Amino acid sequence: MVGVLIRLESTLGRHGVSGTRGGTLALLVGGAALTWYVTVVASSAEVRSQLLMLLGAVWAGAWILGPTITNGVGVLRPQYFTLLPLERSQVGTGLWATAFVGVGPALTLVAMASTARHAWLSEPATLSLGLLGMLLSVVFMVSLSRLVFRALGAAMHTRVGMEIASVQWGLIVAGLFFGWAAIGPALSAAGDLAERGFPAPVVTVLAALPTSWPIAAVDAAASGAWGAAFGLLGAFTLLTAATVLATVRLLAPRVNARGRGRRSRPLGRRRSTRRLPLLPDGPLGAVVGKELRSWWRDPWRALELRSALYAGLFIGLFGLMADRPWITLSAGVFTALVMAMGGSNMYGHDGSALWLTVVGQGRDTVRADVRGRQIAIALLIVPGTLLLGLVSVLVSGEPGASPYVLAGLLVVLGVGNGLSVLLSVVAATPGVEPHLRVDANDTGDTRVQVWTSLIAIPPLSSPTIVVALLAGGWWAVPVALVNGAAGAWLLGRLAHRRLAARLPETFARIRYGGRVAERSLPRSGGDPLDLLERTALSTNEDTRPTGS
Amino acid sequence: MPALELDSLTKTFDETRAADRVSLSVPRGSWTGLVGPNGAGKTTSLSMAVGLLRPDSGTARVLGVDVWAEPVEAKRRLGVLPDGLSLPERLTGGELLDYWGRLRGLDRDLTRDRSEEMLRILELDRAERNGTLIAEYSTGMRKKIGLATALLHTPEVLVLDEPYEAVDPVSARVLTAILRRYTDGGGTVIISSHVMALVERITDRVAIIADGRVLADGPLDLVRGDDPALEDTFVRLVGAREVGEGDLAWLGF
Ligand SMILES: Nc1ncnc2c1ncn2[C@@H]1O[C@H](COP(=O)(O)OP(=O)(O)O)[C@@H](O)[C@H]1O
Ligand SMILES: [Mg+2]
Chain A
1 MVGVLIRLES
11 TLGRHGVSGT
21 RGGTLALLVG
31 GAALTWYVTV
41 VASSAEVRSQ
51 LLMLLGAVWA
61 GAWILGPTIT
71 NGVGVLRPQY
81 FTLLPLERSQ
91 VGTGLWATAF
101 VGVGPALTLV
111 AMASTARHAW
121 LSEPATLSLG
131 LLGMLLSVVF
141 MVSLSRLVFR
151 ALGAAMHTRV
161 GMEIASVQWG
171 LIVAGLFFGW
181 AAIGPALSAA
191 GDLAERGFPA
201 PVVTVLAALP
211 TSWPIAAVDA
221 AASGAWGAAF
231 GLLGAFTLLT
241 AATVLATVRL
251 LAPRVNARGR
261 GRRSRPLGRR
271 RSTRRLPLLP
281 DGPLGAVVGK
291 ELRSWWRDPW
301 RALELRSALY
311 AGLFIGLFGL
321 MADRPWITLS
331 AGVFTALVMA
341 MGGSNMYGHD
351 GSALWLTVVG
361 QGRDTVRADV
371 RGRQIAIALL
381 IVPGTLLLGL
391 VSVLVSGEPG
401 ASPYVLAGLL
411 VVLGVGNGLS
421 VLLSVVAATP
431 GVEPHLRVDA
441 NDTGDTRVQV
451 WTSLIAIPPL
461 SSPTIVVALL
471 AGGWWAVPVA
481 LVNGAAGAWL
491 LGRLAHRRLA
501 ARLPETFARI
511 RYGGRVAERS
521 LPRSGGDPLD
531 LLERTALSTN
541 EDTRPTGS
Chain B
1 MPALELDSLT
11 KTFDETRAAD
21 RVSLSVPRGS
31 WTGLVGPNGA
41 GKTTSLSMAV
51 GLLRPDSGTA
61 RVLGVDVWAE
71 PVEAKRRLGV
81 LPDGLSLPER
91 LTGGELLDYW
101 GRLRGLDRDL
111 TRDRSEEMLR
121 ILELDRAERN
131 GTLIAEYSTG
141 MRKKIGLATA
151 LLHTPEVLVL
161 DEPYEAVDPV
171 SARVLTAILR
181 RYTDGGGTVI
191 ISSHVMALVE
201 RITDRVAIIA
211 DGRVLADGPL
221 DLVRGDDPAL
231 EDTFVRLVGA
241 REVGEGDLAW
251 LGF
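Note that the protein sequences, when read in sequence, are chains A and B.
Here the first sequence stands for residues 1 to 548, where the numbers follow my numbering.
Here the second sequence stands for residues 1 to 253, where the numbers follow my numbering.
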């Protein structure tokens, strides 16, 4: 049974595109090499132990975040097996075992072998503890990785779960960006670490982390405290066992893939009237109403929206904690930026439901579809970002920054809004079809959209930036207003013209996948949008299983 | 002028020729069944006929209007039910019809009256009262709400891909009655199905398709000729593997 699953997993894996695999492999090899290098150059056993603890935590963190960020792992879905005459727990165990197949776990084992080496160098008698700790660490990390990934997926079936997932995502995104801000000081400090070790409070925190227990056990044994050593390693064994059990349970397929019964009425659904008040008749009102309801009710869309808000919130908090006012002040702009990326694959997100737009094409409907989506996003995101901006100015105690914050918000909200729909059209990438979604990242791959947004938003905002730098904040506000409005309008116009011109092609991209879509594009040359679409086709992976 | 005309539609996926010069003429007021086994090219042909999939060559005309040259005009006359595609999953059936009516530029009250009536006749009204989202609909319910969207703007030609699939027998009768009413009123229907007995029972014209090619097309009686059932006609045209005397001898007790 397990053997069959493992073979299936590597068969499916082979069909994946190898781009990310290369990147992931490079990271893994680099990580393993770094782990060994750092522990070899460590000046003393004590410093080596501290570094091992830090690296253990980093490896565990990478295992927890990796699958969610890279989209690719966990090709085998529990639901593939719902109809097989197997015990649910058998499937769970089998899927758990498949998690250990591949270079990831192997290279983690290589890295963790540095724990065994540490044991050997400290006191040869502790080698067996070190080896056991090494194996347990790998089992723990890989299981925890699957556990978190599945828990995020299971969470998508309840509102509270979605909220928790949003907080996690917000934290991840904010952490990634705050990480860049913190990387300078960290690098300058790194040189000293191998020499003198960490300050005392950091060591205390590090030693408390579960991933540090095997190392602490080795250290205890080396100093003769074998009782403490067995206690620590025993505790880690128990924790690993509990993680494995929980993972096996969560990996067992659920009976119903489509979501549980819902007791309350869906949001935005009034008993008396089917209409959202204030929406105009006609295509534009139709699209705005449909979009607002989808953003409210679809957990996958709500996840994008809410994690953008949380990301801004956390950036603000990080800035406060680190006493970096300029980071705090960017909270609102950051939310607008993350939301620009979160809305950058709306057509992929809706899956083959685009057929309605194709079949219902009227004189003005395609434009209404694009503009309606822009309006809905603006209605949802503007209040939150303005509030974040206002609060950030108040708590950072920098009232002089308010025009800059306002200008930043206006320009990024506008330009980001326009860029979202344009990328949604040009780089549309299908995920799992909406009614079959299970996991938090079952919506389409958005790698190209994220990078394009990061690269394109600064130049698109350059009029505002130039005026802010040369003439000051208050001059920048009206410029930002015009810059943002023009961005939203012009990019949206590009989007609906492109969509109208390539309506069946965009549908084919989603319905039939990349190979069929490729043929509708010129092989080389064409306009910049063609180039962008080709890039998205060759870079973003189709998550959706293809076939008729 | 035929209601729907498929003119030499061709589409190749990778190596497979999914549709090979598919030509078909559907007269006004008729009910045509497009039959063929799974993978015969029914979905591919119909998708090209309604503007969802751009053909490699050939075109389709709705009441004389070219689908690929004047899509807006052609699509106004068409009602379409594709097979197995997503819908705006987080709307209720009623909200979907409301969205669809507005998008099609229908009057607000007209949309409400029609959608309420259709939800009632298709027995989706209870789900609607409970606020059931389309994501929670069964496959049969999805077919029914899809049919309601296809009918809402009273198109002159209906193109339905596998409309009876996964629909329970009671609902299937309702569906047949609705389509009969529609053709009696002058509407034209083309449905696809891989169940020949069903098509034989309800339609008045058939087209047989296999391996992307139309093998026969015309009034049911003419196509069937002297064969006792449409299935036999199909086997005669395509050839079929029979289970011989000696085969599967182990299947006994
Ligand atoms: N996206 C695709 N890529 C490759 N081949 C496809 C694709 N979609 C359909 N086909 C092939 O086209 C042929 C016709 O499919 P289809 O029109 O769906 O048949 P039907 O609807 O009659 O069951 C089949 O051989 C199928 O395998
Ligand atoms: Mg089909």
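Calculated from the structure, these hints are not laboratory results.
Fair warning: there could be bad hints in the mix.
[Unchecked claim] Listed next, the stretches of chain A that the computed footprint assigns to chain B, with coverage defined by at least 3 CB atoms under 8 Å from CB atoms of chain B: (1) 24-34; (2) 284-293.
[To be verified] Every beta carbon over 10 Å from chain B, so not counted as near; a handful from chain A, in silico: (3) S43; (4) V58; (5) E163; (6) R297; (7) D350; (8) G351; (9) L356; (10) V358; (11) V359; (12) P434; (13) L481; (14) L503; (15) V516; (16) P522; (17) R523.
Fair warning: this is a prediction, and the values are worked out from it, not measured in the lab.
Cβ coordinates follow ideal geometry from the N, Cα and C atoms, glycine included.
Which of the numbered hints are not met once you compare them with the structure shown?
Violated hints (numbers, rising): 1, 6, 7, 8, 9, 10, 11, 12, 14 and 15; every other hint is consistent with the structure.
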